[in-house]
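There are 2 protein chains.
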Amino acid sequence: MAVGKDFFPKMYPVPGFRLGASSAGIKKSGKKDLVVMELAEGSTVGGSFTKNLFCAAPVKLAKERIYSNKIRYLVTNTGNANAGTGDLGRQHAESICESLAKSMSVNKETVLPFSTGVIGEYLPIEKIISALPSALSSLSENGWDTAAMSILTTDTRPKGASVKLKLSEKNIIITGIAKGSGMIRPDMATMLTYIATDIAIDQELIKEIIRNAVDCSFNRITVDGDMSTNDSAILVATGLSGVDFSELSLDDQKIFIDNLKDIFLSLACQVVQDGEGATKFVTVRVSSGKTASECLRVGYSIAESSLVKTALFASDPNWGRILSAIGMSGVLDLDIKKIQIYLDDVLIAENGGRASSYMENFGQEIMDKESLSININLNRGDSSEIIYTTDLSHDYIKINSEYRS
Amino acid sequence: MAVGKDFFPKMYPVPGFRLGASSAGIKKSGKKDLVVMELAEGSTVGGSFTKNLFCAAPVKLAKERIYSNKIRYLVTNTGNANAGTGDLGRQHAESICESLAKSMSVNKETVLPFSTGVIGEYLPIEKIISALPSALSSLSENGWDTAAMSILTTDTRPKGASVKLKLSEKNIIITGIAKGSGMIRPDMATMLTYIATDIAIDQELIKEIIRNAVDCSFNRITVDGDMSTNDSAILVATGLSGVDFSELSLDDQKIFIDNLKDIFLSLACQVVQDGEGATKFVTVRVSSGKTASECLRVGYSIAESSLVKTALFASDPNWGRILSAIGMSGVLDLDIKKIQIYLDDVLIAENGGRASSYMENFGQEIMDKESLSININLNRGDSSEIIYTTDLSHDYIKINSEYRS
Chain A
0 MAVGKDFFPK MYPVPGFRLG ASSAGIKKSG KKDLVVMELA EGSTVGGSFT
50 KNLFCAAPVK LAKERIYSNK IRYLVTNTGN ANAGTGDLGR QHAESICESL
100 AKSMSVNKET VLPFSTGVIG EYLPIEKIIS ALPSALSSLS ENGWDTAAMS
150 ILTTDTRPKG ASVKLKLSEK NIIITGIAKG SGMIRPDMAT MLTYIATDIA
200 IDQELIKEII RNAVDCSFNR ITVDGDMSTN DSAILVATGL SGVDFSELSL
250 DDQKIFIDNL KDIFLSLACQ VVQDGEGATK FVTVRVSSGK TASECLRVGY
300 SIAESSLVKT ALFASDPNWG RILSAIGMSG VLDLDIKKIQ IYLDDVLIAE
350 NGGRASSYME NFGQEIMDKE SLSININLNR GDSSEIIYTT DLSHDYIKIN
400 SEYRS
Chain B
0 MAVGKDFFPK MYPVPGFRLG ASSAGIKKSG KKDLVVMELA EGSTVGGSFT
50 KNLFCAAPVK LAKERIYSNK IRYLVTNTGN ANAGTGDLGR QHAESICESL
100 AKSMSVNKET VLPFSTGVIG EYLPIEKIIS ALPSALSSLS ENGWDTAAMS
150 ILTTDTRPKG ASVKLKLSEK NIIITGIAKG SGMIRPDMAT MLTYIATDIA
200 IDQELIKEII RNAVDCSFNR ITVDGDMSTN DSAILVATGL SGVDFSELSL
250 DDQKIFIDNL KDIFLSLACQ VVQDGEGATK FVTVRVSSGK TASECLRVGY
300 SIAESSLVKT ALFASDPNWG RILSAIGMSG VLDLDIKKIQ IYLDDVLIAE
350 NGGRASSYME NFGQEIMDKE SLSININLNR GDSSEIIYTT DLSHDYIKIN
400 SEYRS
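Line by line, the protein sequences give chains A and B.
When the count follows numbering that gives the first Met the number 0, it moves up by one through the first sequence with no breaks and lands on 404 for the last residue.
When the count follows numbering that gives the first Met the number 0, it moves up by one through the second sequence with no breaks and lands on 404 for the last residue.
One thing to keep in mind: the hints can contain errors.
Identical chains blur together in the list; that is why a pair holds if it fits in one copy or across any two.
[To be verified] Straight-line C-alpha distance at most 35 Å; calculated DSBU-like pairs for lysine-lysine:
1) 50 - 101
2) 59 - 165
3) 9 - 253
4) 368 - 69
5) 163 - 260
6) 165 - 9
7) 169 - 27
These aren't lab readings, by the way, just hints derived from the structure by calculation.
Based on the sequences and whatever the hints tell you, model everything.
This is the structure:
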């Protein structure tokens, strides 16, 4: 099950960024499961990776290489996460890069590997290496749609976002794809996203830009609070538009950054909406906090409470569970008499209890919607934060308890 | 559903501690829902209460009174939590205490109130006050069994533990009851426990003793990580055995404390085993950590991972999920190569991957059991901690999504 409509947008090609795919036979269906992406010479790259200590072999390798080399290729297999595979897993990740590098006559250190799928099984390394030439021969700037399909695992639909901007009289493209069913399956090695633009961005700056963009998108979504061993986000700037970010006016820089963040956020929300078992898409807004950090604590306490999530699944405007989740957030000096709780724009609780103006049918009407927001006003400062999440349904249990059977 | 056998032990009466119950008509079934407990003059009392900021009105009142008065009565209603009820809720809690105090000619400040049940509804205060005389007239040192039944809400069975010891040639009794279905329902105002002994314990010391006992029992259980607005634990020492704790030999003091902790732990585990939807009782042991705190972080990360819990429900020895939960525990300097993961005494993972000696059927055999342990060896220090939890089942979703419908 997934929330919202299945809509895949028109994907503008990004000059200098080519994508190709083939089938290595890892997916039992025979569908494409190997994706190669090629970056024009001179591209800069930023990356953000899972903080899980048991991160997969390819993640370790990618983290080591990304900032000490001029990256030229990204290679992704699905169906197998190459995680929990020890030294042999590392050798496998290295030899895929080496084989690709040899074919394309580049240094192996300029290739970053990615894997997603089952944990604890070794990669079918020969199959993958045999399928590389076919993926490479299909490289094309128009390869986004195929790549978006080929990186999927348990996703029910492809995820893409793309925008064309005019900055300094020139066209700029930002295009990206993602896979993931809402952080709910570490053993399906959850979230991967690749975003490319043809603006030029300084190598030091792109590290900062992706950190900020991930922080207000992929770091603001949660389905079950679990963190994958393989999560990775990559931002590539090819520079082939002839526009250099650092030479833009401050206004144009802001326009670019806002659009880039929108692409990240759109992809992150598509991941949440495709969360297995999701029947609701829920925005948790915490406003007027003293600090961003306390807003996040309150927000995550609500978004990750099993009791709030099961109430959402039941479309039950059970404000007591939201109130209790705020009370256990760990922000110890909150004045509960000041806190207001809204469903969309309807005030449901204040002064530590039900709002006097609130009637159950007001809340019911909002709870019946597929997309809704829980808005908390802490009434004690200027910070605010937003988190995106889903409900907790029978299907979540079903999918996650039957997955290996 | 509940784990293990339905077994209610023989409850030894505690001299100086009397219990009575009656029906105030809060429970629709007409079952007893009002419990009064009377403490002999000179008793000392220790308490431990929920840290949820939105704690219920009776919890606030009990916290204010417990250490500034010589407590004589505890009064508990079930079916309604008196939480999220603002100033009127406070008045209600006060007037129950006042009415009881008047009947028994004691100061109202010597009465502690407790409530458990639905959040956000006002107490049927007149019904409760009308039912007080009948509860008071039934006060008896043999009232434990009836009280154990009468404090229940959604529990499927009563919870009790009792022991008789010989210390300094005299008999000492420790007897206790609990209610709660595993912290899984803040709006059913989850966990209450009352434990009494006839040893004498100094008032300052009993505060410390209950803190330690709760810390290794009720603070070590988790079903879904949610924290109730009403959780309370009370320890009463009547002193009527004629034995004073502080006059015991160190050996005898240790025997008493160990037995007291066993009673607390037994009640806490009975609460977990009765968790709604629970099909498994799981002990998570984290050993050889640097500090107790890091052992707890790793333990809770496993015990509260939805993915680990659904794997437990499915009896799936999915070590990848346990490994991933350790990796996201937030203990950042763990050396993953040193960590060993066992199911009961079978080594399933080490060196960051599956143990070479491990076969899936070994793990399957353990996973098929109703009670099992997940044992983590961090191999880097002398600290260890134990946490008790359950699986996450279809019934959990069913109960918590249908509860208000």
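Would you pick out the hints that fail for this structure and give their numbers low to high?
2, 4, 7
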